[in-house]
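Asker: Sequence:
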Amino acid sequence: MRKGTSLLKTVFLLVLFLVTIQKITGSSDFTSSVLGIFQAIIVTAMPAVIMVAGIYMLIRCLFR
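Here the sequence shown stands for residues 945 to 1008, numbered as in the working numbering.
Hints in this document: simulated from the structure, not taken from any laboratory.
Since we're looking at a predicted model, the values are computed, not measured.
Virtual Cβ for every residue (Gly too), placed ideally from N, Cα, C.
Mixed in with the good hints, there may be bad ones.
As the list claims (entries may be wrong) - With beta-carbon atoms standing in for the labels, derived distance ranges:
#1 VAL978 to LEU952: 18 to 28 Å
#2 VAL959 to CYS1005: 21 to 31 Å
#3 VAL959 to MET995: 35 to 45 Å
#4 MET1001 to VAL963: 23 to 33 Å
#5 ILE1003 to THR964: 30 to 40 Å
#6 ILE994 to LEU962: 13 to 23 Å
Can you make the complete structure from the sequences, with help from the hints?
Answerer: Structure representation (structure tokens):
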């Protein structure tokens, strides 16, 4: 349970950090493209991470 919540906190802080950088730097081409890549990775990976964490917690609860 703690590992899942710490992972979620880490991802949330990373997203918050990236958004803050984007607001500070404005929209230069390099930072916006790098942030776009990061945001795409996070958006595509997040449902898989949540699903794997949910299956892991379900299995742990069942075989306790």
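Asker: May I ask which of the numbered hints given earlier this structure violates, with the numbers listed in increasing order?
Answerer: Of the numbered hints, just 3 does not hold.
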